[in-house]
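Protein sequence lines correspond, in order, to chains A, B, C and D.
Heads up: the first sequence begins at 1 in my numbering, then just goes up one per residue.
Heads up: the second sequence begins at 1 in my numbering, then just goes up one per residue.
Heads up: the third sequence begins at 1 in my numbering, then just goes up one per residue.
Heads up: the fourth sequence begins at 1 in my numbering, then just goes up one per residue.
What the hints contain is simulated information worked out from the structure, not anything from laboratory work.
Each residue gets a CB set at the ideal place from its N, CA and C atoms; glycine is no exception.
Treat the hints with care, as some may be off.
Have a look at the derived ranges for each label pair, beta carbon to beta carbon [what the hints assert, rightly or not]:
(1) A/429 to D/34: 36 to 42 Å
(2) B/57 to A/177: 42 to 48 Å
(3) A/384 to D/260: 28 to 34 Å
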Amino acid sequence: MINPVLLIAIPLLLAFVSILYKGYRNNLLVFGALVNAGLVLTLGKGEYLIGGFKPPFGINLVLDDYAFLGLLVINGLFLLITLMSLDKIGENATVLLVALAGLNGLLLTGDLFNLFVFLEITAITAYILSASSRQYQHSFNYLVLGTLGSGLYLFGLILLYAVFGSLNMADLSLKMATADTSQLVIPSLLIFIGLGVEVKILPFNGWVRGVYGNSDSLVGPLFSAVYAGAMLLVFGRIFAQVIPLGAYLKTLLLLLGALTLIAGELAALSKTRIREILLYSSIGQSGLIVTLFLSGLVFPAVMQLFNNILSKAVLFTVAGQMADTTGTDDAEALQGAFARHKLAGVAFTIAGLSLIGMPLFYGFVSKINLLFGVFSLDNYWLPGVILLGTVIEGTYLIRLLVKLWMPGEEGLVSHESHATKAPLEIQRARVMGIVVLSAVLLVGGLMPGMIQNNLSESGRLLDETTPVYLFDLKGGQ
Amino acid sequence: MIQYAGILLILIGIYGLLTETNLIKIIVSLNVFELGLNVFIISVGFVREGVAPILTSVNNHSGLVFVDPLPQALVLTAIVIGLGTTALGLAFARRIYMKHGTLNIEEIGGGIND
Amino acid sequence: MKKALAMLLLVLVGTLLFMGIYAMEGFRPYGEVDLAQRVSQAYIDKDVTGENPEVVYGISKDLETGSANLVTSIIVNYRSFDTLGEVTVLFLSALGVSILFGSFKGRLRSRYQPNFILRTGSKVVFPLILIMGVYIFIHGHLSPGGGFPGGSMIASAILLMYLADEAFRIRIEGFKMTEGIAGSLYVLLGLVGLTLAGYFLSNFLNTGTVGALFSAGIIPVVYVLVGLKVGSELTGIITDFLKGEVE
Amino acid sequence: MTFDILIVLMFLGAVTAYLVSKADLKAGAYATVLFSLGALVLLLLGRGEIGSEFTILFMGFEVTTIGWYFSGVMVLVYAMTAFFNSYWMDKMIYPGSYNFLYLFSLGGTVGLFFAKDLITLFIFWEIVVWSSTFIVPMGKSRRAAVVYYTISTIGSMATLYGIMLLHRISGTLDIQGAFAPLKNDPVLATVIFFIFIMAGLTKIGIFPFHIWLPLAHGSAPHTFSPVLSGGLVKMGAFIAYMSVGILPAYEAFKGSLTVMGIPIQIYALMILGAVSIVLGTLMAIKQDDAKKLIAYSSVANGGYILIGILLMDQLAFAGSMMHLFNHAIASAAAFLAIAVVAHRTGTTKISELGGMIHRMPLTYLTYLIAIISLAGIPPMGGFVSKWLIIQGLADQGLMFMALAAFFGSIGSFLYVFRPLAAVFLGQLAPRHEELASAPLLMKIPMTILMVLILFFGVLPGWILGIIGQIQVAAGIEPVMMSGNSILAVNGVLNTLNVFMVFGFGFLIALVIFMLMQKSRRVGLMDTYTSAEFIYTPELYHYGSAFYAPFERLYARHPSVEDFLMALAYKGHEAGLMVNALFFSHKPGVTVFWITVIVAVVTLGGVGL
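Here chain A stands alone, though its shape is the one from the complex:
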């Protein structure tokens, strides 16, 4: 039994060590990511105490199936993205190590205030990483909104503490389950906004355009896949498993999620720059996943989340690489870019099709799953909204794919001679990385049974629609 606290402690230790040995920063980073990815596979499920004090009093780490799945994917993706874009890391190796610790902390912690601390750690690493584009006004915007958001989260948290006298998630969820939900409206709303800034819910996501839109091939996939994934998992933890929502708030927040989905997809439809298209698509997907979590459909939401972040990792890597090497990511200027980069193009296409939810790819499995879920709640407007979102998403992604594959003017047969002359380079490491990711999407789509079986243990736990997650309040010492 490996204690999951090592997932936080080891990268943190390496981060502190790395400022002593500056020359070995990148090696330490790769080592840390490798060790973490390896450790995840050996973890034993259960509850782990920090300092040895039993839960409502001390801080605990909760490693249930939900956290385990999250850790597996987040650490795996982190390792892959780091290896793919080692040349882009520069001075940020230490920041990335801390980010790894923070992300794992987010997924593991069982304490609301501890979550706030990890939220801030992760957010600050994000501010620093976003500054690598040298567009400081966007990083500043992100910093102000992120800080305001976590401040509101803290406000909501302290109201919960004032009422229920505890900060522990399990303890709180037990106490809140029997409480009158009307008095939870303000704290839940504040916590929702606080997390909403990070998970990109409209209208709290004004920072996303500037930050994602300027991301390079390291920061782009890292934000859109790893950070977004972890933040959404945290959102799911809080809103599907800890805080019970009253009917009033739930309806409003569901509407906000649905609005995010449609508005994000529409905004993506109106854009021509690849990173902008993808960032609005990320917003739309966040809206979808948030909606699922709020409906209590944890397992479908997690599946869709994995589909989204795996695909986005591929898409943003390629888009970032395009912007890095050619100085533009306008689809028009890059038409036919895949004619000379076929393998990368195939990976990009698979990721795009999976994101739309086309069969043979993992996205289809998750889409079918979430539709089954939503229908099982006897909710008939939401699937309509989701499918409308799929139509819009498919339209702009297919338009993008067609543009990038088939150069040519309207009325003329597509020919390679029309392809962009931009000096696009995609390093071999990145190609290998995105091929691996798209292979995962393909295998997941062809053999959903395999994934389903592996996840079935979690499926049993997560499929229950009760919004409370329970574990024993074990004694410490």
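Model the placement of chains B, C and D on the given structure of chain A, informed by the hints.
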């Protein structure tokens, strides 16, 4: 009453965020917001007639009425985190000033490539 | 116009928030809080299991935490993980600032020359502030204060020197070294706890008698590390901010 | 056993063809021929296994007569078109991928028709959609692919909603079982009927979803247009059949309002079908591009097929099923003939061509026969099926539908004649003097299709026999045959006699043609002028503005295309508005929205 002051400070901070266009003033507004929050957090732990949560030779046993020590611990963390983000925010502001020659956010381009 | 609108909006939000918060039935009025309903009572009793008798200053021994300062016991024992995170946040922001200004050389020049009193006085006050800072973080488990205030004081001493002397420069490498080593030791301390007691950051040393200087197990150790780390990080931030604009 | 091999083989074949193409492009193209012919052989061999069930991975399949019939049509079109692939290998941007996607979409269509459960159906449906979406832009238009995809996906997402709703209601995804609870619930049945059939309507290209057909068919690679028009459109007919046949719509709508004895729900869709016939015909007449013209004729023919299927009776349904086959091979043959012209001349513009009969007589003949069949003129297959549909409509007393059907038939004379006269007949342009005839490999499929069109026009017995089985399986009275006569309520059609009469007429015409004086060939540029030099001889080409006087009658027609484009533009504007409202580099904007949300939510929350 100090609790009301906390909420009032939070609102004043948000007002500053809404109306200010100067980067430094935005950070100051953010700090006012955080300050209000911290005051509110402390006020939540106040117990009438309570003593400071430190055992000394005078207040020498745990049976006394103490104010809630937990919010104080939380506030310490919140203050340090606020300090960290403030420092980083000021650093961004200085870089923006060096690049654009102004601290007024209206005068800084908002386009993705500028 | 914009300001008036913002004002109106905030008056609305403020009214609603006031009404909403004070309408929550579980939200007790100011000062009328019952700690027994909260987890805090256990911290005051220094006992999360609810078995031990009353704690008495200078007499009770070998409790689960030996700090006379209850807030410190929470910060470094019960919620020590938060503190590790907090230190990390500070570390990160120092790192971020140094990444942003790292390539800068030289020092910013102030428009005013430091006056005589400042120049002379600072030399006298500097060691005193340093000693005060160290005192505060060593006595963090007994009296108000701890690693963070102590560290800030050390950094303020350095800031004073910067203000007093235009030519003053510190060797940032030394501070970075302190920062890294202190941070690593903090994590290692946690890992030692994990190995010895089975829990990360557990208080594996003897907690001693409440109120004694050598008591409270790892608390003074952690606070010394935190004090050094915070001091060197804040110094680093000050130094980076004062760097000139020449790339 | 045959059918699971068939489906798996197509997907393996796709990979094989891709790999072979890497080594040698032509060989890859030949692989598509081999595999699609293999599929045809396997289908014919496996006819005895109708009724068997099998599973692949997690998907369940069941071989039904109608599935077998549909996939037969599809595979035939694919196999015939595959012969052309090798000539386009050097013109495609990604020839290997083309071969891959070609067989991949074939595998998708075959699997679709044998699906036992709704999810399998949907999986294969979407496979076909995305694989064909990537073939279309290899041709002349990128926009066409996007429009094609969008319209298809609007349909398939609606159908997916229907599938999920069915599962919610009946608790099963099995095609037979899922529809069962609808029989006694007319309201629910109405909802499902309209939602589920959407994929069918979009795929057939029924008004107002027809706009993708001319775009995609007209600009797809010449070797894929036959498949799109002849093959993939027929998938929609399958969905339409499921919505009326398996639902079963007539039983579920027993109590609802009827128009002319038809439940209003079904009648509404029939009106759309009729509109498609009229619209497709009128638009086809206007087209200057031969491919677009045939595409619009596909819209019209899709209307016939839809109306016939919706009627679910003895005659029109049989006619519709047969028309499906006739239209598939005829439109494939027509597109192939145009592909030959395009291969040799590089254009499909009617006004740039002319006199092709002198250079490629077999192609001309193929086109002639195909287009006669499309127009429903005896003695071709298209006549038999249209006759059956009109008989059925008349039998039910559906005057408006019958009127539309007649209008379509007469209008089709007009549009059929335009390319016939302007592309193949008339004067040969000087630059086309040296053209060679169609290559041998192209002649093979054209000849086969030509023979088939003629054969089933004269002896439709075999096909009507299969259709009779389909009708029995669907629980309706099968179409009756007696010798070579098809028995209908209002009359009897003896196709052999019709052929004899037409053959006799043809012979007389031939004799006259032989005996009379030969016409003198006039060069295209021998134009009379009053001693003026003509700078723009192409304007004097009689193919330009062929039907101008007639077109003027409806030149200012309202267009649903404009409406849809305006809708798309509104979506674009909404996206820009989202961008402007919420996304800024100024934190104040987002802070404002946060404050507003807090105000709005607490406003309602405080009182509660």
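Going through the hints against the structure:
1. Roughly 40 Å separates the CB atoms of residue 429 of chain A and residue 34 of chain D, a value that falls within the hinted 36 to 42 Å.
2. Restraint check, residue 57 of chain B to residue 177 of chain A: a C-beta distance of roughly 45 Å satisfies the suggested window 42 to 48 Å.
3. Between residue 384 of chain A and residue 260 of chain D the C-beta distance comes to about 33 Å, which sits within the given range of 28 to 34 Å.
Violated hints are absent here; each numbered hint is respected by the structure.
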